[in-house]
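**Student:** One-letter residues, chain by chain:
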Amino acid sequence: AQSVTQLGSHVSVSEGALVLLRCNYSSSVPPYLFWYVQYPNQGLQLLLKYTSAATLVKGINGFEAEFKKSETSFHLTKPSAHMSDAAEYFCAVSAEGGYQKVTFGIGTKLQVIP
Amino acid sequence: GAVVSQHPSWVICKSGTSVKIECRSLDFQATTMFWYRQFPKQSLMLMATSNEGSKATYEQGVEKDKFLINHASLTLSTLTVTSAHPEDSSFYICSARDALAGGLYNEQFFGPGTRLTVL
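If you read the protein sequences in the order shown, they are chains R and U.
Numbered per my numbering, the first sequence finishes at 114, counting up by one with no gaps.
Numbered per my numbering, the second sequence finishes at 1119, counting up by one with no gaps.
Please note: incorrect hints may appear among the correct ones.
If you anchor each label on the Cβ, the simulated ranges turn out as follows [unchecked claim]:
#1 G1053(U) x P114(R): 46 to 54 Å
#2 P1008(U) x S9(R): 27 to 35 Å
#3 P79(R) x H1007(U): 33 to 41 Å
#4 S26(R) x E1063(U): 23 to 31 Å
#5 Q1029(U) x S26(R): 28 to 36 Å
#6 K1041(U) x E66(R): 23 to 31 Å
#7 G1016(U) x P79(R): 51 to 59 Å
Below 25 Å or equal to it, Euclidean Cα-Cα: the simulated DSS-like pairs (lysine-lysine) are [stated by the list, open to error]:
#8 K1041(U) x K49(R)
#9 K109(R) x K1041(U)
#10 K109(R) x K68(R)
Just a sample of chain U residues kept apart from chain R, beta carbon distances all over 10 Å, derived [stated by the list, open to error]:
#11 A1072
#12 H1085
#13 G1113
Since the hints were derived computationally from the structure, they do not count as laboratory data.
Cβ atoms here follow ideal geometry from the backbone N, Cα and C, with glycine treated the same way.
Sequences are here, hints too, so could you generate the full structure?
**Tutor:** Pasting the structure below:
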């Protein structure tokens, strides 16, 4: 069984400030971890994924996430927020290995204040 | 690459009618497609996993006879909401796994979603 917990359903940051979106996972087996972004009335787009290689993963649009096994965390960060980053962000987990079911978190809505 | 389309993007129908939603992988083969339902301000709820050429696997609590899924080819899966009622109104999203690449890392490529409103 696996699950993800996203702390904070809403996060507000000023433009240019650090973005930190928190995700903690629970998995009985080694996990794969994902961050997806969803813009209004659109599907999800993959930002980055952890698949048991490097623990620091760089994704698109300047985002990165670090897998910390001891903390069971996979927080998403970006050094400087842009207005275009305003969206819903979903953390997701699957078991290691191919063709596994993916479980999504409840999502965090990011607001960027000019 | 890895583009998934959905049609229609929105639909309004009367209670009791059936609605078909198409999900297509445009530039890759998808042996597996997934159908999700998303309520406002909530996460995605997996409804079913659709495998090409075989019956779909439904999640617990999802009515098979109400949500008919067909995956007849490597690029097309359809979801038919039969005898729709207002409580079926939702945002339906499909996703697909690339048979060659994405399957290895469980990566899914998502369609843009279909907004269903049942009057």
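**Student:** Checked against the structure, which of the hints given earlier come out wrong?
**Tutor:** Result: hint 13 breaks, nothing else.
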